[in-house]
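Position 124, counted from 1, in the sequence shown is what the numbering used here calls 124; the numbers after and before it change by one each time, with no gaps.
No more than 35 angstroms apart at the CA atoms, straight line, and that leaves these computed lysine-lysine pairs for DSBU-like: (1) Lys91 with Lys123; (2) Lys119 with Lys211; (3) Lys103 with Lys91; (4) Lys103 with Lys211; (5) Lys91 with Lys119.
Cβ pair distances, simulated, as ranges: (6) Lys163 with Glu207: 39 to 49 angstroms; (7) Pro210 with Asp188: 11 to 21 angstroms; (8) Gly208 with Lys122: 21 to 31 angstroms; (9) Ser153 with Leu203: 31 to 41 angstroms; (10) Asp156 with Glu207: 38 to 48 angstroms; (11) Pro210 with His160: 33 to 43 angstroms; (12) Thr90 with Gly217: 32 to 42 angstroms.
Hint data in this document are derived by calculation from the structure and do not stem from the laboratory.
Even glycine gets a Cβ: it sits at the ideal position worked out from N, Cα and C.
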Amino acid sequence: METIHRFALRFVPISLAETTTPIFKRTRIPISSPGIVNPKPAFNTSLTGRKSYIPAPSPIAKAGYAEGSWGWSCCSTDWNSLRIIVLEDTKEYISYAPKDEIKVQDRRPFDLLVILNPKLQKKSNRTAVFFEGCLSVDGFRAVVERYLDVEVSGFDRNGHPSKIDASGWQARILQHECDHLGGTLYVDKMLPRTFRTVENLDLPLAEGCPKLGPKLGGH
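Kindly generate the complete structure, drawing on both the sequences and the hints.
Laid out in C-alpha coordinates, this is it:
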(Lines of atoms letter the chains of each structure in order from A and count residues from 1; the text may use other names and numbers.)
(Lines give C-alpha, C1' and ligand atoms only; values in the text may rest on other atoms or scores of the structure.)
Protein backbone atom coordinates (compact mmCIF):
# COMPACT_ATOMS: atom_id res chain seq x y z
CA MET A 1 0.00 0.00 0.00
CA GLU A 2 2.98 2.28 -0.03
CA THR A 3 2.08 3.54 -3.50
CA ILE A 4 -1.37 4.74 -2.48
CA HIS A 5 -0.21 8.01 -0.96
CA ARG A 6 1.39 9.13 -4.21
CA PHE A 7 -1.50 8.22 -6.48
CA ALA A 8 -4.70 8.28 -4.40
CA LEU A 9 -4.26 12.01 -4.00
CA ARG A 10 -4.80 12.64 -7.69
CA PHE A 11 -7.73 10.37 -8.47
CA VAL A 12 -10.34 11.79 -10.80
CA PRO A 13 -13.38 10.22 -12.49
CA ILE A 14 -12.29 8.03 -15.38
CA SER A 15 -14.23 10.15 -17.85
CA LEU A 16 -11.98 13.13 -17.04
CA ALA A 17 -8.72 11.31 -17.66
CA GLU A 18 -7.44 11.22 -21.24
CA THR A 19 -5.07 8.38 -20.44
CA THR A 20 -5.54 6.22 -17.38
CA THR A 21 -3.35 3.65 -15.76
CA PRO A 22 -4.45 0.99 -13.25
CA ILE A 23 -2.76 1.87 -9.98
CA PHE A 24 -4.00 -0.43 -7.27
CA LYS A 25 -5.98 -3.64 -7.26
CA ARG A 26 -6.10 -5.79 -4.17
CA THR A 27 -8.48 -7.95 -2.22
CA ARG A 28 -8.38 -7.30 1.50
CA ILE A 29 -7.14 -9.98 3.87
CA PRO A 30 -9.81 -10.33 6.60
CA ILE A 31 -8.97 -8.36 9.74
CA SER A 32 -9.93 -9.66 13.16
CA SER A 33 -11.93 -7.30 15.33
CA PRO A 34 -14.41 -7.73 18.21
CA GLY A 35 -17.09 -6.24 15.94
CA ILE A 36 -16.38 -8.44 12.92
CA VAL A 37 -17.15 -12.17 12.82
CA ASN A 38 -15.90 -14.11 9.79
CA PRO A 39 -15.76 -10.96 7.65
CA LYS A 40 -16.12 -11.17 3.91
CA PRO A 41 -13.41 -9.71 1.69
CA ALA A 42 -14.40 -6.09 2.04
CA PHE A 43 -13.31 -4.84 -1.31
CA ASN A 44 -11.67 -5.74 -4.55
CA THR A 45 -11.06 -2.28 -5.87
CA SER A 46 -9.28 -1.03 -8.93
CA LEU A 47 -8.27 2.58 -8.57
CA THR A 48 -7.55 4.50 -11.73
CA GLY A 49 -5.87 7.86 -11.87
CA ARG A 50 -4.39 10.33 -14.29
CA LYS A 51 -1.16 9.34 -15.93
CA SER A 52 0.14 12.86 -15.33
CA TYR A 53 -0.84 15.48 -12.80
CA ILE A 54 -1.25 19.12 -13.77
CA PRO A 55 -0.71 21.43 -10.78
CA ALA A 56 -3.31 24.06 -9.98
CA PRO A 57 -2.45 27.64 -11.00
CA SER A 58 -1.89 29.05 -7.51
CA PRO A 59 -0.26 27.75 -4.30
CA ILE A 60 -3.58 27.93 -2.48
CA ALA A 61 -5.46 26.02 -5.17
CA LYS A 62 -2.57 23.59 -5.63
CA ALA A 63 -2.79 22.74 -1.96
CA GLY A 64 -5.98 20.79 -2.64
CA TYR A 65 -7.59 19.36 0.46
CA ALA A 66 -7.49 21.41 3.63
CA GLU A 67 -5.02 23.81 2.06
CA GLY A 68 -2.28 21.32 1.31
CA SER A 69 -2.78 18.17 3.35
CA TRP A 70 -4.03 15.03 1.69
CA GLY A 71 -6.40 12.32 2.83
CA TRP A 72 -8.39 9.52 1.28
CA SER A 73 -11.22 7.46 2.75
CA CYS A 74 -13.57 4.70 1.68
CA CYS A 75 -16.08 2.18 2.99
CA SER A 76 -16.42 -1.40 1.85
CA THR A 77 -19.50 -2.75 0.11
CA ASP A 78 -20.21 -4.55 3.36
CA TRP A 79 -20.57 -1.37 5.43
CA ASN A 80 -19.97 -3.13 8.75
CA SER A 81 -16.75 -4.86 7.68
CA LEU A 82 -14.14 -2.31 6.68
CA ARG A 83 -13.63 1.43 6.65
CA ILE A 84 -10.28 2.92 5.75
CA ILE A 85 -8.60 6.31 5.79
CA VAL A 86 -5.21 7.13 4.29
CA LEU A 87 -3.53 10.46 4.99
CA GLU A 88 -0.21 12.28 5.07
CA ASP A 89 1.16 15.80 5.21
CA THR A 90 4.66 16.07 3.79
CA LYS A 91 7.19 18.88 3.83
CA GLU A 92 6.40 19.39 0.14
CA TYR A 93 2.69 19.97 0.77
CA ILE A 94 3.44 22.28 3.68
CA SER A 95 5.88 24.30 1.56
CA TYR A 96 2.95 25.58 -0.53
CA ALA A 97 1.42 27.35 2.47
CA PRO A 98 2.53 30.76 3.82
CA LYS A 99 4.88 30.45 6.80
CA ASP A 100 2.63 32.48 9.10
CA GLU A 101 -0.28 30.13 8.37
CA ILE A 102 1.84 27.05 9.03
CA LYS A 103 2.63 28.34 12.51
CA VAL A 104 -0.87 29.38 13.53
CA GLN A 105 -2.31 26.12 12.17
CA ASP A 106 0.21 24.11 14.21
CA ARG A 107 1.04 22.18 11.08
CA ARG A 108 3.82 19.58 11.15
CA PRO A 109 4.76 16.93 8.56
CA PHE A 110 3.88 13.30 9.19
CA ASP A 111 4.38 10.14 7.18
CA LEU A 112 1.71 8.04 5.51
CA LEU A 113 -0.96 6.79 7.90
CA VAL A 114 -3.30 3.94 7.02
CA ILE A 115 -6.04 3.38 9.59
CA LEU A 116 -8.70 0.69 9.31
CA ASN A 117 -12.02 1.00 11.11
CA PRO A 118 -11.01 4.24 12.84
CA LYS A 119 -12.79 5.44 15.98
CA LEU A 120 -12.24 9.11 16.82
CA GLN A 121 -12.77 10.91 20.09
CA LYS A 122 -11.80 14.36 21.30
CA LYS A 123 -9.06 14.71 23.91
CA SER A 124 -9.88 18.28 24.94
CA ASN A 125 -12.40 21.02 24.31
CA ARG A 126 -9.86 23.21 22.52
CA THR A 127 -11.03 24.16 19.02
CA ALA A 128 -9.87 26.23 16.07
CA VAL A 129 -11.51 27.66 12.96
CA PHE A 130 -9.78 27.50 9.59
CA PHE A 131 -10.67 27.17 5.94
CA GLU A 132 -11.01 23.65 4.59
CA GLY A 133 -11.41 22.24 1.12
CA CYS A 134 -12.11 18.84 -0.37
CA LEU A 135 -11.93 17.24 -3.81
CA SER A 136 -15.55 16.19 -3.25
CA VAL A 137 -16.45 19.88 -3.56
CA ASP A 138 -13.54 20.92 -5.73
CA GLY A 139 -12.74 24.59 -6.23
CA PHE A 140 -14.39 25.83 -3.05
CA ARG A 141 -13.44 26.47 0.59
CA ALA A 142 -15.31 27.19 3.83
CA VAL A 143 -14.44 27.80 7.46
CA VAL A 144 -14.91 24.80 9.77
CA GLU A 145 -14.49 24.58 13.53
CA ARG A 146 -12.59 21.46 14.63
CA TYR A 147 -11.17 20.05 17.84
CA LEU A 148 -7.45 20.62 18.28
CA ASP A 149 -6.73 17.39 20.16
CA VAL A 150 -8.09 13.98 19.18
CA GLU A 151 -7.37 10.29 19.58
CA VAL A 152 -8.00 7.80 16.80
CA SER A 153 -7.93 4.06 17.47
CA GLY A 154 -8.24 1.30 14.90
CA PHE A 155 -6.01 -1.11 13.01
CA ASP A 156 -2.88 -0.49 10.96
CA ARG A 157 -2.31 -1.82 7.43
CA ASN A 158 -1.16 -5.16 8.85
CA GLY A 159 -4.27 -5.61 10.96
CA HIS A 160 -2.57 -4.76 14.26
CA PRO A 161 -4.37 -2.54 16.80
CA SER A 162 -3.15 1.06 16.68
CA LYS A 163 -3.83 4.34 18.43
CA ILE A 164 -2.87 7.83 17.31
CA ASP A 165 -2.86 10.96 19.45
CA ALA A 166 -2.98 13.99 17.20
CA SER A 167 -3.13 17.74 17.64
CA GLY A 168 -3.23 20.83 15.46
CA TRP A 169 -3.57 20.34 11.73
CA GLN A 170 -3.16 16.57 11.86
CA ALA A 171 -6.15 16.38 14.20
CA ARG A 172 -8.16 18.41 11.66
CA ILE A 173 -7.28 16.03 8.82
CA LEU A 174 -8.28 13.00 10.89
CA GLN A 175 -11.65 14.56 11.73
CA HIS A 176 -12.23 15.50 8.09
CA GLU A 177 -11.50 11.97 6.86
CA CYS A 178 -13.47 10.21 9.61
CA ASP A 179 -16.42 12.46 8.74
CA HIS A 180 -16.30 11.10 5.18
CA LEU A 181 -16.80 7.56 6.46
CA GLY A 182 -20.11 8.65 7.95
CA GLY A 183 -21.19 10.47 4.80
CA THR A 184 -20.41 13.94 6.15
CA LEU A 185 -18.61 16.60 4.10
CA TYR A 186 -16.98 19.75 5.41
CA VAL A 187 -19.83 21.80 3.90
CA ASP A 188 -22.18 20.06 6.36
CA LYS A 189 -20.16 21.60 9.20
CA MET A 190 -19.06 24.90 7.68
CA LEU A 191 -19.75 28.17 9.43
CA PRO A 192 -22.50 30.23 7.75
CA ARG A 193 -21.45 32.85 5.19
CA THR A 194 -17.90 31.48 4.79
CA PHE A 195 -18.36 29.32 1.68
CA ARG A 196 -16.43 30.74 -1.29
CA THR A 197 -14.44 29.90 -4.38
CA VAL A 198 -10.69 29.41 -4.19
CA GLU A 199 -10.21 32.62 -6.18
CA ASN A 200 -12.02 34.58 -3.44
CA LEU A 201 -10.25 32.91 -0.55
CA ASP A 202 -8.38 36.04 0.50
CA LEU A 203 -11.47 38.25 0.68
CA PRO A 204 -12.45 39.41 4.19
CA LEU A 205 -14.88 37.27 6.14
CA ALA A 206 -18.42 38.53 6.58
CA GLU A 207 -19.21 40.64 9.62
CA GLY A 208 -19.87 38.47 12.65
CA CYS A 209 -17.74 35.53 11.48
CA PRO A 210 -15.10 34.39 13.99
CA LYS A 211 -11.46 35.22 13.45
CA LEU A 212 -9.42 32.40 11.95
CA GLY A 213 -7.24 30.51 14.43
CA PRO A 214 -7.58 28.78 17.82
CA LYS A 215 -10.62 29.86 19.82
CA LEU A 216 -10.05 31.18 23.32
CA GLY A 217 -11.66 29.55 26.31
CA GLY A 218 -11.14 25.89 25.38
CA HIS A 219 -9.24 23.47 27.59
